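Engineer: These are the residues of each chain, in order.
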Amino acid sequence: MAWTKKLLRVDLSAGVCTEEALNMEWANDYLGQRGLATRYLVDEVDPKCDPLGPDNKLIMTTGPLTGTNASTAGRYSVVCKSPLTNAVACSNSGGFFGAELKMAGWDMIIFEGKAASPVYLHIVDGRAQLHPADDLWGKSVWEADKMLHAKVQDAQTRMALVGRSAEEGCLYAAVVNDLHRAAGRSGVGTVMASKNLKAVAVRGTQGIGNIHDPKRFMETVKAGKKVLAENPVTGQGLPTYGTQVLMNVINEVGALPTRNMSEVQFEGASKVSGEAMHEPRKTDGKPNLTTNGACYACTIACGRISTIDRTHFSVKDKPEYWINSGGLEYEAAWALGPDTGVDDIDALTYCNFLCNEDGMDPISFGSTVAAAMELYEKGVITDSHTGGMELRFGSAEALCWAAEKVAKGEGFGKDLGLGAERLCEKFGHPELSMTVKGQEFPAYDPRGIQGMGLAYATSNRGACHLRGYTVASEILGIPEKTDPLESEGKAGLVKAFQDATAAVDSAGLCVFTTFAWTLDDIAPQVDAACEGDWSPDRMLEVGERIWNMERDFNMKAGIDGSMDTLPKRLLSEGGNSGPAKDRVNELDKMLPEYYELRGWNSSGEITSETRQKFNLPA
Amino acid sequence: MNITLKLYATLSDLLPSGSADNAATINVDEAISLNQIIDQFHVPRELAHLVLINGVFVCETDRDQSGVLKDGDVLAIWPPVAGG
Ligand code: SF4
Numbered sequence: 001m002a003w004t005k006k007l008l009r010v011d012l013s014a015g016v017c018t019e020e021a022l023n024m025e026w027a028n029d030y031l032g033q034r035g036l037a038t039r040y041l042v043d044e045v046d047p048k049c050d051p052l053g054p055d056n057k058l059i060m061t062t063g064p065l066t067g068t069n070a071s072t073a074g075r076y077s078v079v080c081k082s083p084l085t086n087a088v089a090c091s092n093s094g095g096f097f098g099a100e101l102k103m104a105g106w107d108m109i110i111f112e113g114k115a116a117s118p119v120y121l122h123i124v125d126g127r128a129q130l131h132p133a134d135d136l137w138g139k140s141v142w143e144a145d146k147m148l149h150a151k152v153q154d155a156q157t158r159m160a161l162v163g164r165s166a167e168e169g170c171l172y173a174a175v176v177n178d179l180h181r182a183a184g185r186s187g188v189g190t191v192m193a194s195k196n197l198k199a200v201a202v203r204g205t206q207g208i209g210n211i212h213d214p215k216r217f218m219e220t221v222k223a224g225k226k227v228l229a230e231n232p233v234t235g236q237g238l239p240t241y242g243t244q245v246l247m248n249v250i251n252e253v254g255a256l257p258t259r260n261m262s263e264v265q266f267e268g269a270s271k272v273s274g275e276a277m278h279e280p281r282k283t284d285g286k287p288n289l290t291t292n293g294a295c296y297a298c299t300i301a302c303g304r305i306s307t308i309d310r311t312h313f314s315v316k317d318k319p320e321y322w323i324n325s326g327g328l329e330y331e332a333a334w335a336l337g338p339d340t341g342v343d344d345i346d347a348l349t350y351c352n353f354l355c356n357e358d359g360m361d362p363i364s365f366g367s368t369v370a371a372a373m374e375l376y377e378k379g380v381i382t383d384s385h386t387g388g389m390e391l392r393f394g395s396a397e398a399l400c401w402a403a404e405k406v407a408k409g410e411g412f413g414k415d416l417g418l419g420a421e422r423l424c425e426k427f428g429h430p431e432l433s434m435t436v437k438g439q440e441f442p443a444y445d446p447r448g449i450q451g452m453g454l455a456y457a458t459s460n461r462g463a464c465h466l467r468g469y470t471v472a473s474e475i476l477g478i479p480e481k482t483d484p485l486e487s488e489g490k491a492g493l494v495k496a497f498q499d500a501t502a503a504v505d506s507a508g509l510c511v512f513t514t515f516a517w518t519l520d521d522i523a524p525q526v527d528a529a530c531e532g533d534w535s536p537d538r539m540l541e542v543g544e545r546i547w548n549m550e551r552d553f554n555m556k557a558g559i560d561g562s563m564d565t566l567p568k569r570l571l572s573e574g575g576n577s578g579p580a581k582d583r584v585n586e587l588d589k590m591l592p593e594y595y596e597l598r599g600w601n602s603s604g605e606i607t608s609e610t611r612q613k614f615n616l617p618a
Numbered sequence: 001m002n003i004t005l006k007l008y009a010t011l012s013d014l015l016p017s018g019s020a021d022n023a024a025t026i027n028v029d030e031a032i033s034l035n036q037i038i039d040q041f042h043v044p045r046e047l048a049h050l051v052l053i054n055g056v057f058v059c060e061t062d063r064d065q066s067g068v069l070k071d072g073d074v075l076a077i078w079p080p081v082a083g084g
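Residue numbers (the working numbering), protein chains in the order written: chain D, 1 to 618; chain W, 1 to 84.
Derived from the structure by calculation, the hints contain no laboratory data. All values reported here derive from a predicted model rather than from experimental measurement. Just so you know, even glycine gets a beta-carbon here, dropped at the ideal spot from N, CA and C. You may find that some hints are simply not true.
[What the hints assert, rightly or not] Facing chain W, from chain D, some residues (calculated, C-beta under 10 Å):
1) Glu252
2) Ala580
3) Val584
4) Glu609
[Unchecked claim] Within a straight-line C-alpha distance of at most 20 Å, the following computed SDA-like cross-link-like pairs (lysine to any residue) qualify:
5) D:Lys481 <-> W:Phe57
6) D:Lys271 <-> W:Ala24
7) D:Lys481 <-> W:Ala24
8) D:Lys481 <-> W:Thr61
9) D:Lys481 <-> W:Gly18
10) D:Lys282 <-> W:Gly18
11) D:Lys581 <-> W:Phe57
12) D:Lys271 <-> W:Phe57
13) D:Lys581 <-> W:Leu52
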């Protein structure tokens with residue numbers, strides 16, 4: 001159990017909501033959330049469809065543990081075909097929305113078709129209704145959230161919304177829930193807006209009642225929480241410094257992509273690091289970081305709540321930003337900072353606020369600005385394109401200006417909303433796009449962390465760190481240390497991380513638990529909550545099945561093995577300093593072995609034996 | 001010889017007072033081992049998790065070796081940390 005065994009199907013074209021039984025045969029093979037929703041996507045969506053057309057579907061999905069009291073069990077995912085990559089998209093978010101949806105009695109919502117005019121979906125337990133949202137359209141996430149809360153007259157209603165960037169067609173728009181938590185990557189917000197769906201408001205009062213073995217579940221949850229509390233990373237490191245503790249680490253090892261990945265170390269890293277967020281400001285004596293915060297049921301609490309210096313140029317005349325709000329996480333801080341060459345922590349925090357306020361993925365946004373800055377430095381993008389703004393590396397003014405433009409889809413913000421690949425193509429320099437399958441890189445240079453090169457190249461949603469985080473092993477020594485500069489042995493490491501992560505993403509838990517937990521800690525919790533026998537081996541098998549199914553969708557969408565590659569810069573231009581000096585990523589050495597371990601042929605196609613082994617859908 | 005010692009995250013407070021940017025220049029004997037420096041600055045050994053010389057990791061078993069540092073090297077130390 002633990003599933004509610006109910007899904008809500010919302011036909012936006014017809015304006016009709018219907019209840020359906022969850023396909024438990026599929027739940028058995030794909031567990032929930034990422035795996036199960038992708039199984040529905042594969043069944044119902046033509047991989048070749050226009051991602052922004054009515055034939056694409058948008059699935060909001062929980063895992064079997066979502067809403068329970070297992071640590072971090074508040075996760076939900078948004079699954080669809082991505083407009084940024086044309087591949088499968090699955091973006092995971094924390095906060096409280098996912099747990100609320102589950103407590104309203106739903107495992108997932110499938111949105112199909114397109115509403116004739118803007119709507120929002122309002123769910124109160126078993127009742128679901130579409131309402132006009134013309135007044136909310138054109139409003140930011142923050143404003144629309146406020147207006148909608150006033151409408152439903154219930155402060156406890158949880159909401160997931162899209163901002164103006166999504167409405168304006170920015171291809172990396174996010175779905176933002178609880179004001180500053182986001183299903184951030186691959187343009188899932190753009191798909192939501194393309195359906196004229198502005199918001200989903202949920203109130204669930206039913207609790208989670210159907211745990212398979214409640215007594216054993218409580219015991220396993222308690223044991224899991226003890227492991228997290230006693231582990232120095234999840235018990236102390238993450239709550240104190242958040243993910244931003246990595247800024248100095250990754251810079252020191254020479255894998256901090258800088259100025260559109262043209263360099264591997266950033267001279268200003270310490271100024272925008274987790275440590276810097278604790279430093280009192282000269283102006284008011286307060287640090288950037290106010291406190292940490294936690295998502296639903298989380299006992300780690302890695303979240304950052306921050307303020308911007310009120311005298312900073314970005315906000316000095318804008319008291320609406322003199323607030324405590326979601327602060328810098330490492331990936332966002334990197335994309336907004338080192339990748340654009342900007343070392344101004346207040347400018348970064350302001351842009352991060354704007355990314356939350358109007359729902360942009362800060363990784364793709366920052367990386368696209370970095371590409372635009374390189375094009376500007378080369379004289380390809382000029383003042384005539386930007387309306388006079390000097391889009392130079394290191395310019396905090398240019399960065400803040402760019403965020404304001406993309407947020408509202410104004411002027412050059414439309415070009416920046418295309419993402420790095422389409423922008424660089426438009427301006428005739430595709431080689432400057434630091435992307436895989438059209439999605440921008442996160443914060444680890446694969447010249448200094450070899451396994452990440454393979455993880456990026458083979459990720460089913462384009463360049464991404466959350467599909468196989470070998471940084472844990474290669475840099476941080478979790479579960480054991482491997483040499484980041486060595487490519488040998490990384491194929492197996494990448495596959496192991498990819499499969500385990502797919503399982504965790506399908507359970508309803510946060511992947512950050514895996515800094516302390518292995519599947520040996522997670523499987524007992526799933527096993528106690530769900531019917532069936534959920535051993536660590538079965539979880540791993542489910543993870544591998546999911547990976548193959550996602551790959552299969554992509555292949556059918558025309559994204560084949562030739563796209564399992566990296567930009568030339570990372571394969572032929574050596575790092576310029578630090579341990580990765582003169583090194584390139586050795587993808588060619590890792591990829592063939594990876595294909596073999598996956599049971600794919602030398603072109604990266606899934607063999608019939610592997611299809612059979614995992615009983616993949618036809 | 002002089003090296004740069006960098007202590008990060010919860011270890012920051014163990015640097016000599018007046019240090020900025022998590023770094024201090026320290027004068028050490030050429031024969032010194034990493035564990036001797038770790039002890040000298042009261043870094044609990046179990047918290048010296050990531051130990052890097054010029055960005056390259058030194059595993060626990062090699063930290064008693066002497067003569068691994070040269071003038072101008074950067075020794076950076078973190079407790080167990082993670083992110084992503
Ligand atoms: S570890 Fe961080 S991101 Fe994960 S659930 Fe907890 S607060 Fe949210």
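Engineer: If a hint holds in the structure, say so; if it does not, say that too.
Structural biologist: A quick look at each hint next to the structure:
1. The beta carbon of glutamate 252 of chain D is positioned within 10 Å of a beta carbon in chain W (closest approach about 5 Å), and the interface hint is therefore held.
2. The interface hint given for alanine 580 of chain D holds, since its Cβ lies 8 Å from the closest Cβ of chain W, which is under the 10 Å cut-off.
3. Residue-level restraint check for valine 584 of chain D is violated (minimum Cβ-Cβ distance to chain W is 17 Å; threshold 10 Å).
4. Interface hint at glutamate 609 of chain D: violated, since its Cβ lies 34 Å from the closest Cβ of chain W, which is beyond the 10 Å cut-off.
5. With a C-alpha separation of about 9 Å, the suggested pair lysine 481 of chain D and phenylalanine 57 of chain W falls inside the 20 Å cut-off, and the hint holds.
6. The suggested pairing of lysine 271 of chain D with alanine 24 of chain W holds, with an alpha-carbon distance near 16 Å, which does not exceed 20 Å.
7. For a cut-off of 20 Å, the pair hint linking lysine 481 of chain D to alanine 24 of chain W is broken: about 27 Å separates their Cα positions.
8. At roughly 13 Å between alpha-carbon atoms, lysine 481 of chain D and threonine 61 of chain W fall within 20 Å of each other, so this suggested pair holds.
9. The hinted pair formed by lysine 481 of chain D and glycine 18 of chain W fails the criterion: a straight-line CA distance of about 33 Å is larger than 20 Å.
10. About 17 Å separates the Cα atoms of lysine 282 of chain D and glycine 18 of chain W, which keeps this hinted pair within 20 Å; it holds.
11. Taking the CA atoms of lysine 581 of chain D and phenylalanine 57 of chain W, the gap is near 16 Å; set against the 20 Å cutoff, the hint holds.
12. Proposed proximity of lysine 271 of chain D and phenylalanine 57 of chain W is contradicted: the alpha carbons are some 23 Å apart, above 20 Å.
13. The straight-line distance between the Cα atoms of lysine 581 of chain D and leucine 52 of chain W is roughly 16 Å, inside the 20 Å bound, and the hint therefore holds.
Hint check: violations occur at hints 3, 4, 7, 9, 12; the rest are consistent with the structure.
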